[in-house]
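The listed protein sequences derive, respectively, from chains A and B. Terminal number for the first sequence in the numbering used here: 239, no gaps in between. Terminal number for the second sequence in the numbering used here: 533, no gaps in between.
Be aware that a few hints might be false.
Coverage of chain B stretches by chain A, computed from C-beta distances (three or more under 8 Å per stretch; other residues unrestricted) [unchecked claim]:
| hint | segment |
| --- | --- |
| 1 | 290 to 298 |
| 2 | 303 to 309 |
| 3 | 375 to 381 |
| 4 | 388 to 402 |
Rather than coming from a laboratory, the hints here were simulated on the basis of the structure. Because the structure is a prediction, the values reported are computed rather than measured. Positions of the beta carbon are idealized from the N, C-alpha and C atoms, including for glycine.
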Amino acid sequence: MLLVKNVSKVYDNKKKAVDNLSLEIKKGEIIGFIGPNGAGKTTTIRMITGIIAPTQGTIEINGIDISKEPVGAKKNFTFVPDHPTIFDAVKGIDYLNFIADIHEVPIQQRKERIERFTKAFQIYDALTQTINSYSHGMKQKLLVSGALLPNPNLFILDEPMVGLDPHSAKILKDIMRDHCQKGGTVFFSSHVLEVVENLCHRVAIIHRGKLIACDTLENIKKNSTATLEEIFLEMTKDE
Amino acid sequence: MNKFIALTKIQIKDFFSKYTQHLNVKNKFLGILTMLLPALLILPAIQLALTLYDSFSMIGYPELTITYIYIANVMLMLFAGIPFIISIFFYSKDLRLIATLPVKEDTIVFSKLASVYIYLLAIGCFFLGTSVVIYGTIDGVKVLSLILGIMALLISPLLPMIISTLIVLPFMSLIGRGRKRNMLVIVGNLVLIAIVIGVQLLMTRIQMQPDAINNLLSQEDGLLRLIGHKFPPSIWLTKMIQGSLLDGGLFILLNLAFIVVLKLFAKKLYSAALLKFNQEGSALIEKGKIYYKSRSIGIQIIKRHIAIITSNPTFLLNTVLTMFIPILMFVLTSLTGELSGDLFNSEALEPYIIYIYTIVVSTPAIMGSLSATAITREGKAFWETKVLPISARDNIKYRIYTTLIINFTGSIILGVAAAYYLPVNFTMILLAAAFCIATTLFFSTIDIAINIQRPLLNWSSPTAAVKNNLNIMLSLLLRVITGGIGFLLYKMMSSLGANTIIGVLSAFFIILYIVAIYIVYGIYERKFVDIAP
Ligand SMILES: Nc1ncnc2c1ncn2[C@@H]1O[C@H](COP(=O)(O)OP(=O)(O)OP(=O)(O)O)[C@@H](O)[C@H]1O
Ligand SMILES: [Mg+2]
Numbered sequence: 001m002l003l004v005k006n007v008s009k010v011y012d013n014k015k016k017a018v019d020n021l022s023l024e025i026k027k028g029e030i031i032g033f034i035g036p037n038g039a040g041k042t043t044t045i046r047m048i049t050g051i052i053a054p055t056q057g058t059i060e061i062n063g064i065d066i067s068k069e070p071v072g073a074k075k076n077f078t079f080v081p082d083h084p085t086i087f088d089a090v091k092g093i094d095y096l097n098f099i100a101d102i103h104e105v106p107i108q109q110r111k112e113r114i115e116r117f118t119k120a121f122q123i124y125d126a127l128t129q130t131i132n133s134y135s136h137g138m139k140q141k142l143l144v145s146g147a148l149l150p151n152p153n154l155f156i157l158d159e160p161m162v163g164l165d166p167h168s169a170k171i172l173k174d175i176m177r178d179h180c181q182k183g184g185t186v187f188f189s190s191h192v193l194e195v196v197e198n199l200c201h202r203v204a205i206i207h208r209g210k211l212i213a214c215d216t217l218e219n220i221k222k223n224s225t226a227t228l229e230e231i232f233l234e235m236t237k238d239e
Numbered sequence: 001m002n003k004f005i006a007l008t009k010i011q012i013k014d015f016f017s018k019y020t021q022h023l024n025v026k027n028k029f030l031g032i033l034t035m036l037l038p039a040l041l042i043l044p045a046i047q048l049a050l051t052l053y054d055s056f057s058m059i060g061y062p063e064l065t066i067t068y069i070y071i072a073n074v075m076l077m078l079f080a081g082i083p084f085i086i087s088i089f090f091y092s093k094d095l096r097l098i099a100t101l102p103v104k105e106d107t108i109v110f111s112k113l114a115s116v117y118i119y120l121l122a123i124g125c126f127f128l129g130t131s132v133v134i135y136g137t138i139d140g141v142k143v144l145s146l147i148l149g150i151m152a153l154l155i156s157p158l159l160p161m162i163i164s165t166l167i168v169l170p171f172m173s174l175i176g177r178g179r180k181r182n183m184l185v186i187v188g189n190l191v192l193i194a195i196v197i198g199v200q201l202l203m204t205r206i207q208m209q210p211d212a213i214n215n216l217l218s219q220e221d222g223l224l225r226l227i228g229h230k231f232p233p234s235i236w237l238t239k240m241i242q243g244s245l246l247d248g249g250l251f252i253l254l255n256l257a258f259i260v261v262l263k264l265f266a267k268k269l270y271s272a273a274l275l276k277f278n279q280e281g282s283a284l285i286e287k288g289k290i291y292y293k294s295r296s297i298g299i300q301i302i303k304r305h306i307a308i309i310t311s312n313p314t315f316l317l318n319t320v321l322t323m324f325i326p327i328l329m330f331v332l333t334s335l336t337g338e339l340s341g342d343l344f345n346s347e348a349l350e351p352y353i354i355y356i357y358t359i360v361v362s363t364p365a366i367m368g369s370l371s372a373t374a375i376t377r378e379g380k381a382f383w384e385t386k387v388l389p390i391s392a393r394d395n396i397k398y399r400i401y402t403t404l405i406i407n408f409t410g411s412i413i414l415g416v417a418a419a420y421y422l423p424v425n426f427t428m429i430l431l432a433a434a435f436c437i438a439t440t441l442f443f444s445t446i447d448i449a450i451n452i453q454r455p456l457l458n459w460s461s462p463t464a465a466v467k468n469n470l471n472i473m474l475s476l477l478l479r480v481i482t483g484g485i486g487f488l489l490y491k492m493m494s495s496l497g498a499n500t501i502i503g504v505l506s507a508f509f510i511i512l513y514i515v516a517i518y519i520v521y522g523i524y525e526r527k528f529v530d531i532a533p
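Same shape as in the complex, but just chain B (with noise of 0.2 Å):
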């Protein structure tokens, strides 16, 4: 037990030193601000919790909100904790450390298990949290449902975590063979997530027949059942918010049984799965000849940035997903039958088509943050472009190249996908294009400001590069206070046209884009000169 604590302590404090690496201690009040930062982030859910509860409280249901925000949230968990479960069994460098430790091989899975437990559970408190805390207040405090809510929340991580080990660790073993490993690892964790969140959806899927939800209506817990037949544990926990010890009972024993089966299972995944993997890591991977070849500086350095970027699966991985969450969605929705082709056509949706397809273009500028990890990303290679004669102007300038290359194939992607499902015209793409221009000039420009003042270089496992840590919840913020200026000017323009609109919020970000020049090369490439890494 004082192993699996030790390890623990180790692997969560790694963790949160790297978010927590370079806060500018000398001025408190900045320390403690950079760290509520995410807490704003927890606005957008709080209203998508309130306004569930508001229809759910009028068919006279208030509990779904909870059976609903918890199924969403199993699937969010397993969305990300594939990933990143990955990321620091397969390719964190202290394995190589902690394989040689005299502990045992469930110790170490556990202990690996603790970062993605707080991981989940910051997730967890995001949705699910505020949904149980709006729902022990909004009608009355509830003490009880609120305490028993809290103890829910704290064991709503461990079923989606270990159903994703159990998934991943053999799923690995499976594919981590052979040559080509990385793209394995990429297309495979690709195709399990799709698996895994259609078959959610697929679970969860109401059909609505009137007349069956007026049948079901007239019995007690009749929606209740009706949302969570499939998936059981969300009515344990329901009915375990709302006071049921029985259901209670059931939900937390339901936890302990899987980790109990993951603890039957830890010895053989470990030796199956990480042993052999990381064994044969180091496979010869020989092809092509010598060449002398001769190409321009500024090539050179945006093909080793988009290397570093395709070599690692984490960062490809992270960088593929966020980028086309939209045709990720789209295709699982479409399967599952949620969505059909004729909605698309239809009359109540014609004015929103341009806003829809602006939206789904600009995606890889909105979601992702690549710029914001550009130097983390090359971890403790950093020094290696400091001591060549490039002047740190075009240092900064090439990564930005990078993340601008990288998001407008995406957006080129994205673009002809959606055409091809939306009716969309010629101005619309027009238009569309010339927004995502604009915000991906800008984000790409000012987000490499956020890591140029964070450099984070010291990371053990690429996740932590490029997702746990604070640069990725700045460079969020920073889109949802650029967003917010934006929806407001919307708002303000609202009597014009949807063309019209477009075309002066893409101004808008031009002007910003212009306004980070000055930021990233006035003030920032000093800076950049003094990282050390």
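Okay, chain A solo, but in the shape it has when bound (with noise of 0.2 Å):
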């Protein structure tokens, strides 16, 4: 679903922040990016989305190429940010309807998707106000509500967990789960490491922009009985 391909990114020309990753994703798969601050998490994901561009290496989604055909690309995924920095003088419900437009979901589907995960956020009876008075956690919620609602083949998401409350947070949880089951696959970053262990198929971790491990926690872990946290640690700890 997903192939990054020696991808590095340098940022003016002096600041490796992505060197040389590589990583495939198979569809129906739950991957956690986890890594220390200023790591390359979200740079990665930046350049997978093609917010920016890779300096090197091919980035394809669904088998297409997102620098040779980025709308096609596109239509394959949504994102969710680390920040939920969105223009947003208007209502809820118009950035919905907004986000259903572009993704082309039909009416009677973006009915039911907008209920279903604004009801389960708590955040229906809010759709009708402006964004700009959302609490932070609410605007997150509006956000993973809008990127659910193509159904994307492949959800990417950006330190999800940050700023929900546990009841929210838990909903997250099952809608990935859920998508998975459903045969989407999602791709998300966490600092959260209890919640990569939990939920994910596979754990990829970077450390200075390096791909230090991408494998099933069972394969990482290598029969030890040390915890993820333990292994992490250890693992991108500076000499």
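Since each chain sits alone in its own frame, please combine them into the complex, following the hints.
Spelled out as structure tokens, the structure:
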């Protein structure tokens, strides 16, 4: 579903934020993407979603190269960024209709999904208010609902748990799991290792721009009894 | 004091980094050139000052150049200052942070004004600066006049700046309540600006009675007193530059007095206006029902771009003001009686009616640079359309369409209003429409290349996005250059009739438009993809 091949990103001709990273994600998988602050998670995700172009390497989504055929590739995924900075002078329902129109979601499905997700997240009643009156968590949940509307093949999230209350975080986890069971694919970055441990089929660990591991939890643990936290701290510690 | 300096430094750094951001430092020469570009815009100001100087020298009072320009300068500063002050005080994003810092209220108010001061000083340099230099050098170098002139120039922004602050802050606390706040802010400020300028014009109006003028001319300083008598600082400033210490002292004292007044009121203004405004900022606006309705992608995106402008008072005010400058000028001058309806029907003006009408109708295209800030206005939300399945070409296209829609709406309003006052006929309307369409298409398209080149997505106050940045300068420069070429064409064709000339000029802009399409969709489409939010 997602194929990242030898991708590097150099900022301002000097800062190498991502270094020759390769990654393959299959349909139906949930992949957790972890790494210390500044490791290059957001940069990688921004390249995958076409917000910035890689300095080197190629990215294919559902077999479509995003730099060659951006529109085709973008029809296959939706994205929730780490900060919910969106144009917020419109109402929540305006935003959702906007996303639905651009992704060409038919009215009937749109109505059904908007009701399902926003009611689960308890923001349904706030949909008639302008987004700038929302709290951080409410904005986050609106963005997640919007991203789920088109029922994307690939669902990409950058630190989705930040700012969510326990109840909403649980719902989001259920939604992610449910999405995979129905054949969708989920790729998300997080600092909450328990979530990654409980949810993901495979874990990708990035450190200083390089992918240092990408495997199932069992394989990463190598039969040791250590927790993901202990392994993570060990792998990414500074010499 | 240290806190004041630290706070001011940040404000000024922010102000300048917005201006110079994304300059191509690799090429030093290019960097310097782009910095100098705005200086080219000074040429028309020099022309103006020279013309004034010549006419006033002819009647023996060259110093009146300074008086005149100073008064005009103050008006211009009030005009430009009010929206700017509103933007940095009420709509800038850093206030939330600054409000939590352990600094006194007047420190905050004054440090915020630092960037306004620089902005107004830049305006002052253009007009007052050039006239001081011309006055001090043209008939032999007068060193004292030059030094005093530069001092006066440095002081000159204070008065209009503080006056507008003292007007704006209480005014905003009055209208900044309730639901339709943004609407009130816009309408209120338009009215405010109109009143301020109207009062200025009324105050400085000269009664052109031959007897009175002869009478005054026989007295020393007679004409100066006449022009300046309703606005004494202009007299003080003029005499200061001529070397009068007493008047210089008065001028400086007056400015100091205003600083003291502002300092006295700063605390009150701060708590009454700023805090209250920010508090009520997130009043719940709940209206309408939940709906499910599908629209085409184009309509959705254009709606979004229009909403970005209309939801932000600074953007909207800026758009409306630049578009309707002709209306504002007309209303004001006719209110103050300097312009009478008969003038337009006079014989002498008749051949020029078609040009006036054409220019008025085309003002939104010529004065506005909406496309040059189409990406910048979106700010940090720019990533949104980038992850959606829309091609870069469409993404650019819909931004241009948005500018076209807004500009044409403005042109139509201006066209109807002007047709009511000017004796126009059907051919004139057709020609003006052709010219307006050609210029609007060209400028709306080419301007976006400037914005793609320099996207500036991280602005802290909305004025930085739409006004105080190099993009606007570049787009103005583009207009000066194309205007210059257009003028040359006009000169070359001066033997032909007005209709033919406007027809040819329209064709000229259509050709430029076709070139612009190739530039924007050919070269800049790739660059658009590379914009990193
Ligand atoms: N626009 C930019 N310009 C220059 N350098 C950048 C830019 N964005 C990120 N970087 C640098 O790239 C590196 C990786 O940043 P990135 O945001 O990808 O980290 P991250 O893994 O998402 O970190 P966090 O866990 O804190 O979100 C950092 O060193 C950062 O300083
Ligand atoms: Mg990050």
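Checklist entry - Which numbered hints does this structure break? => result Result: no hint breaks.
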